[in-house]
Amino acid sequence: MVSSSFIAAALSALPLAFAYYPAGNATATYASAPSGTGTSSPSQYTVAVGQNGLTFTPDTVLAQVGSKITFQFFPKNHSVVQSDFKNPCNPSDDAIFSGFVPTPSGLANQTFTVTVADEKPIWLYCAQNNPKPHCAAGMVAVINPPAYGPNTLDAFKELAAKTNGSTVPAGGPSGGELSSPSPSSPSSAPSSAPLSTLSSVPSGSSVPSSSGTSTSVPPESTGAASSLAVSGMVGMVAMFAGLML
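Just so you know, the sequence shown maps onto residues -19 to -1, 1 to 226 in mature numbering (1 follows the signal peptide of the UniProt record, and there is no 0).
Check the hints yourself; a few may be wrong.
Said to hold, decoys possible - Listed below are the simulated DSSO-like cross-link pairs for lysine-lysine, each with C-alpha atoms no more than 30 Å apart in a straight line:
| no. | residue 1 | residue 2 |
| --- | --- | --- |
| 1 | K138 | K113 |
| 2 | K67 | K113 |
| 3 | K57 | K138 |
| 4 | K49 | K101 |
Stated by the list, open to error - Label-pair ranges, simulated between beta-carbon atoms:
| no. | residue 1 | residue 2 | range |
| --- | --- | --- | --- |
| 5 | G87 | A136 | 25 to 35 Å |
| 6 | N145 | N58 | 18 to 28 Å |
| 7 | P23 | N145 | 33 to 43 Å |
| 8 | E158 | S73 | 12 to 22 Å |
If you are wondering where the hints come from, they were derived from the structure by calculation, not from laboratory data. The structure presented is a predicted model; accordingly, all values stated were derived computationally and were not measured. We treat Cβ as the ideally placed atom computed from N, Cα and C, and that holds for glycine.
Whole structure, please, built from the sequences with the hints as guidance.
Take a look at the structure:
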């Protein structure tokens, strides 16, 4: 005769057995560290142009020499142009210019990528004038602003607000690489989370960026181990019950 205390001990082990075999549908997602943070090497950055109204998001980027900054365009028709601090809304000499990248809805199927050549500030604006000048409305940004002094992004915005319109550079895109149009139609959202890899100061807002990092998903549990555990423990209970008869 098997003692009742032995059977009680066996039954008490059931919860432990199930604890080691989670449900077969459980999954976990692991993301690698953003490439734009915690590293001394050049990184990838992404800036959304026009995603949140007449803005660059973020509007301030701190990037090392050699880093690449990719501009993604949102409705309806925006551009990226380099300016001088004291002459906002007008192109500087040999200005960076993306050209206009239109999209009726969602993310445009072209991007514009700039490689940071030095640590000098790069002041940017959108040259669109319809239905109103975007630059004067505050659609400006800066890469590597001065660490101190009066030349801040807020001061640049104030100067831009006093202008009557924006100047479009002559010629086509320059100072960067405009990607070839994708054969697919523009999507309603970015293909990856924007802009968490960006370094920004308080005047800018972080977005979800595309860091170029990959996301891996461990294989899902098939539930076979769980089924074996259940059947085995049920058999044990049946055996103990038979011994007591």
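Structure-based check of all given hints:
| no. | hint | in the structure |
| --- | --- | --- |
| 1 | K138 - K113 | holds, 16 Å |
| 2 | K67 - K113 | holds, 21 Å |
| 3 | K57 - K138 | holds, 22 Å |
| 4 | K49 - K101 | holds, 15 Å |
| 5 | G87 - A136: 25 to 35 Å | holds, 34 Å |
| 6 | N145 - N58: 18 to 28 Å | holds, 20 Å |
| 7 | P23 - N145: 33 to 43 Å | holds, 39 Å |
| 8 | E158 - S73: 12 to 22 Å | holds, 19 Å |
The structure agrees with every numbered hint stated previously.
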